[in-house]
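Visitor: Counting from 1, one number per residue, gives the positions in the sequence shown under my numbering.
Calculated directly from the structure, the hints in this document are not laboratory data. Positions of the beta carbon are idealized from the N, C-alpha and C atoms, including for glycine. Among the hints, a few may not be true.
[Stated by the list, open to error] Ranges between beta-carbon positions, derived for each pair:
1) Lys-139 <-> Gln-382: 52 to 60 Å
2) Ser-170 <-> Asp-460: 24 to 32 Å
3) Gly-337 <-> Glu-416: 18 to 26 Å
4) Phe-69 <-> Asp-44: 46 to 54 Å
5) Ser-122 <-> Lys-497: 29 to 37 Å
6) Asp-460 <-> Lys-139: 29 to 37 Å
7) Ser-170 <-> Arg-138: 18 to 26 Å
8) Gln-385 <-> Ser-265: 27 to 35 Å
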Amino acid sequence: MVDANSDGKVDEDELDILQKLLKVADLQIEETKNNNIIEQKELDLLASKIENNELETLEGNRPPELPKFIELPKDKDNLKNYTYMVVGGNEEDNDIIVKITVDYSVLKNLDEGKYYIADWESSRTPDGGTIIKSPVVRKMQESNQDGTTNWSEGINRNISKIQFDKVGGSEALIEFMNRVGEEQGFEIELLDGTEGWIEDLSIVRADKKQLIPYSTSLFALKSYDNERRIRAKRTQITVQAQGSAFQSNQVGMPSQAKQYSYALSQDDIIEGKTYLEGGNVLNTLTKNGEPAAVIGDESIKYTLLAMSSEAIVDIKDLEISEDLVNMAKKQIASELGIKAENITYIPQFDFHIDMHYRPLNDSQMAVPDYEAGINILKEFVQENQKQEYLKLITKLEDLKVKTEEISKAAENKLKENGYEIVKIPCFTDIDNGYNPLKSSVENPINYMNGICGTSAKTGDKFYITNTSGDEKLDEYMENYFNNTVGFDKVYFAPTKKYLASSGGLDCLTKEL
1 MVDANSDGKV DEDELDILQK LLKVADLQIE ETKNNNIIEQ KELDLLASKI ENNELETLEG
61 NRPPELPKFI ELPKDKDNLK NYTYMVVGGN EEDNDIIVKI TVDYSVLKNL DEGKYYIADW
121 ESSRTPDGGT IIKSPVVRKM QESNQDGTTN WSEGINRNIS KIQFDKVGGS EALIEFMNRV
181 GEEQGFEIEL LDGTEGWIED LSIVRADKKQ LIPYSTSLFA LKSYDNERRI RAKRTQITVQ
241 AQGSAFQSNQ VGMPSQAKQY SYALSQDDII EGKTYLEGGN VLNTLTKNGE PAAVIGDESI
301 KYTLLAMSSE AIVDIKDLEI SEDLVNMAKK QIASELGIKA ENITYIPQFD FHIDMHYRPL
361 NDSQMAVPDY EAGINILKEF VQENQKQEYL KLITKLEDLK VKTEEISKAA ENKLKENGYE
421 IVKIPCFTDI DNGYNPLKSS VENPINYMNG ICGTSAKTGD KFYITNTSGD EKLDEYMENY
481 FNNTVGFDKV YFAPTKKYLA SSGGLDCLTK EL
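Whole structure, please, built from the sequences with the hints as guidance.
Guide: See the structure below:
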């Protein structure tokens, strides 16, 4: 058998055949003893399987898997199922043969377009002998280069599309937003796999590309202890660190950003080195219409940490010199695609500035006014017997004192850089515990974390914000916004459960 061509010599290729036969017999024939000896009964079974075409070899029949990105129908001819064998699932199971079938049939009925493989689902056949692997695919977005997106998040922008995550947006919220979109001329698009807070995952640049914080993944993974020290060092009121990277205590926001980026047109992506979360960056315009931004100043510190080759042992060990600050600012401006002098960094007392500040008309910024909010709530307690507001009033009175210096410094920075200040009554409590999912009041209220724009369909200047759950308070604020800011329509979205998790409507959406 070894001297296959009967020339009296055992050639190298004949030895290879023997080795393969040994491997096949020992691993695939039921009577094998895994002893590297091919017994007669094993040979008989082997011959029978070969004759009946029942034998699946361990080598040579495993084609390369599809690339991460696929295009249909161009790739449909390559979507053939295939089966291969592996030895065991772990070191203890080395004598077990596992059959794996990769099933691409789920892709064959998809519409034409570009898709990416987000994940793989695995299941076993009823007899447990075969593992079935099927790709989880999601459609990629079309390029936004011809879209209507403009840079500013203010009133003058036209919104053609608002994105939600399927997990993040509740059925009631999506239904509500669809109704508003139908009225004002924008569509709602549902995405997969971003766990809700998609505002933080990227920043839309002035050239309509999206800045994705790719390179911060390792920083986020190793920085949990650093973030605790950062919070301990802070003079701000909240102890909460930058968004999801802290909340998940693992890769968090950057890994979700990577997942989100797979769904984008690859022409629309800029991969960044800075640590910028969307909720800490507000896109604005200068008086002469140039793209500008207002950014919470903690982003400078986080960017320096993200760009460092190793995690800083303690925040006090990082000497933040003026040169380092300027380096971070230069990098941030470069990645946002705007002039460095058009970026205003403001001190922040909460983890994201979009919970308290909102761009309005060009070079106009809404800022929080705790005193006005307190006075309104006191009126409601007196006139409407709203006793449940007493606890919130006490909290807001404390916050008014503690945030006064930071708020004043932020307003001065904005004024120095040409912004007109518009004070809006503030009712927003700040979570001061280490659990970001537990609010310190039972009924959180936030009217600043919303979406404004001008409808291309109706011409309305509209604002979509979070409901307080109190119709009379919402009505009061609707009149306030209309009279003070000049909105034509104000909508109050059912987002109460998200406010209890330190986020609001703007945190859940990406506007294009």
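Visitor: Quick check: does the Cβ-Cβ distance between Gln-385 and Ser-265 fall within 27 to 35 Å?
Guide: Distance hint for Gln-385, Ser-265 is violated at roughly 55 Å.
Visitor: Is it true that Ser-170 and Asp-460 lie within 24 to 32 Å of each other by Cβ?
Guide: Holds: the Cβ-Cβ distance is about 25 Å, inside 24 to 32 Å.
Visitor: Kindly confirm whether 18 to 26 Å is satisfied by the beta carbon distance between Gly-337 and Glu-416.
Guide: Given range 18 to 26 Å: holds, Cβ gap about 23 Å.
Visitor: CB of Ser-122 to CB of Lys-497, is that within 29 to 37 Å?
Guide: Hint holds: Cβ distance 33 Å, inside 29 to 37 Å.
Visitor: Note whether the CB distance of Lys-139 and Gln-382 lies within 52 to 60 Å or breaks it.
Guide: holds (54 Å)
Visitor: Verify the CB-CB distance for Asp-460 and Lys-139 against the hinted window 29 to 37 Å.
Guide: holds (31 Å)
Visitor: 46 to 54 Å was suggested as the range; check whether the CB atoms of Phe-69 and Asp-44 agree with it.
Guide: holds (48 Å)
Visitor: The hint says 18 to 26 Å between Ser-170 and Arg-138; measuring C-beta to C-beta, is that right?
Guide: holds (21 Å)
Hint compliance for this structure: hint 8 alone is broken.
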